[in-house]
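Novice: Read off the chains here:
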Amino acid sequence: MVQDIDIADLKKITELVQGKYGYDFRNYAMSSFKRRMLRILELKNLTIESLLKKLSDQPSFIEEFLDELTVNVTEMFRDPGFWRIMRDEIIPGILLNHKTFKIWHAGCSSGEEVLSMAILLKEMGIHQDVQLFASDLDVNILEKAKAATYPIKNMELNEKNYIRYEGKKSLKEYYKEENGKAVFDKELMQNVSFRKHDLVKGEIFNKFDLVLCRNVMIYFNQSLQNEVLKKFHESLFKYGYLAIGSKESLIWCDVASKFLVVNNEEKVYKKIKD
Amino acid sequence: MDKYNLNNSYKAVVIGGSAGSFQGIVKILAQLPKTFPLPIIMCMHRLKHVRNGFVEALSIKSVVQVVEPVDKESIKKGVVYLAPSNYHMSVELGNHFSMSTEEMVNNSRPAIDITLGTAAYVYRDKLIGVLLSGANRDGGLGMKHIKDKGGLTIVQEPTECMIDTMPKAALALTKIDHTLKIDEIVEFLKELDKHYTK
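Chains as they are written, first to last, in this note's numbering: chain E, 1 to 274; chain H, 1 to 198.
Pulled out of the complex, with its shape left as it was, chain H reads as follows:
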């Protein structure tokens, strides 16, 4: 019945992705339950000099609101947050974001490791981490932090990825709870939703 053995203790979902992940993200956001009970915090690799357009592109099909937060913005459930271009995005104790222009990490700013790692620190075992298709290793260490703090880890099925370097990096670094195709990730999130709306 309950394929993934879920419960309603989770506080947030964090998603990382790079090359080849855009279509998957669009598909996930298009099929999310309308009143999804958790914040979804996303860090996607993106062009540094193109500030506009990404949120708009994701919003077209998304059933929930997609925003690029400003520094110190509070994190609310049911909202999808996208790390802005050319900033690292951290989750802070006190349930808000902070931005930074520190050195690139894994050649990336925003770096997925920073968003995932800080979310793991704040949400601990109440966090679900999802890592999708991508061409570098960013995000692997972040997934390890999530697992080490007792969170739940999911990577996109490497055979479905346009480029599987990113999920494979995570699989090599830590225990991944579920290796799923995009359709199964959607199914997972729908099942998670049911635990909160009952």
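Chain E extracted, bound-state conformation:
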């Protein structure tokens, strides 16, 4: 088993992936990127040399590589307090000015957050009025998000979060159990558009009233965070909202002065300048 990877070897991997496939991981945070590489080597039983060979000889391997590289650990209603703020303050704030609006889940992973939002909107009775956009660079995980089907063992935590969120029902009312999986009601996903999108080099593709990108930029270094935040700023309507993870911060980035802190505990910001 490979115990550690040199920076030089990590560089070989990122350069190969960038040159051959156009995905740029050169500005990913080092420690987690290294752990992902070690994990891939272990899971696929590879050495650095055989990984490099596989990446250069087997183009079909790239999707698998991306799927393991990106961190796809998430929960429904992660940080219930965040979701209460969404329901009680942020969404009502948007509704004051717009009857219909658009939300972007950037780096949606397996879709738990999009699904949480869909349930929130349904319980607010405005599900039909909101267009949700969910993007990720990993096509395999986007398929999982579209399916809205999760291992039943995950549902205990999801249900606990939902109870702390103080939802109107029981989470059980939104899914059926089939073969050890929780299969969520397809109707929840009907207003969601999924798209493959790479935050590092992807174009701005729409304008939104709310952008959620929680616990995604933690895998980037500061200069990449700065670039991505510029894109979020540009993708938001003036007075639109940006939500990031509870242990992330905007304070270092160039666009910081163009946002107002709406909730510092849950890291919700409002765009106040173009």
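Among the clues, some could well be false.
[Stated by the list, open to error] Selected chain H positions facing chain E (in silico; Cβ < 7 Å):
(1) Val70
(2) Asp71
(3) Ser90
(4) Ser100
(5) Thr101
[Said to hold, decoys possible] Mimicking DSS-like on lysine-lysine, the simulated pairs with C-alpha atoms at most 25 Å apart in a straight line are:
(6) Lys48/H to Lys172/E
(7) Lys48/H to Lys153/E
(8) Lys48/H to Lys169/E
(9) Lys149/H to Lys11/E
(10) Lys34/E to Lys11/H
Simulated from the structure, these hints should not be mistaken for laboratory data.
As the structure is a computational prediction, the values presented were derived from the model and not from experiment.
A virtual CB, placed ideally from N, CA and C, is assigned to each residue, including glycine.
Using the hints, position chain H against chain E.
Specialist: Same frame as chain E, now just chain H:
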């Protein structure tokens, strides 16, 4: 005179703990020299859904500032950093933290092995690792990484631990330089401090 044969080359102290370590940590933080010359980086197992309260509880008696850093926050001397709930906390080259929501390690997030292992990678032989009472093996491998990079390793005396699985895991995996009671760890840190303030 100088019981632990210390010097002023160290850049950081990293502490891991789980079940039964809270009182020990409180005692250490209450007796630290006020201008402790190094950052203290702590990873304690904690409830995943309870985000608030831990820093506040540790701050009550601590003589130095205790903070939960945000992602990419710079590491400063004299500050105690606590890994936030439900995130792994890594030390990065460039002397800052990064957070991650990766899979649990040893059934834990934050995992002590990740904080200790990344700190060992960055600080190498300039790191002091301390592992306290705990009911699982998380932290053992992290201590091995610290030792392998030439750092100094300390575990809490198992007989003093409420649950000794954690320090014993470290003792089984690597050479531990000192096996100390909480009072002796305090004495150790005071002695370390003297090397910097002279």
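Novice: If any of the earlier hints don't hold here, list their numbers in rising order.
Specialist: none
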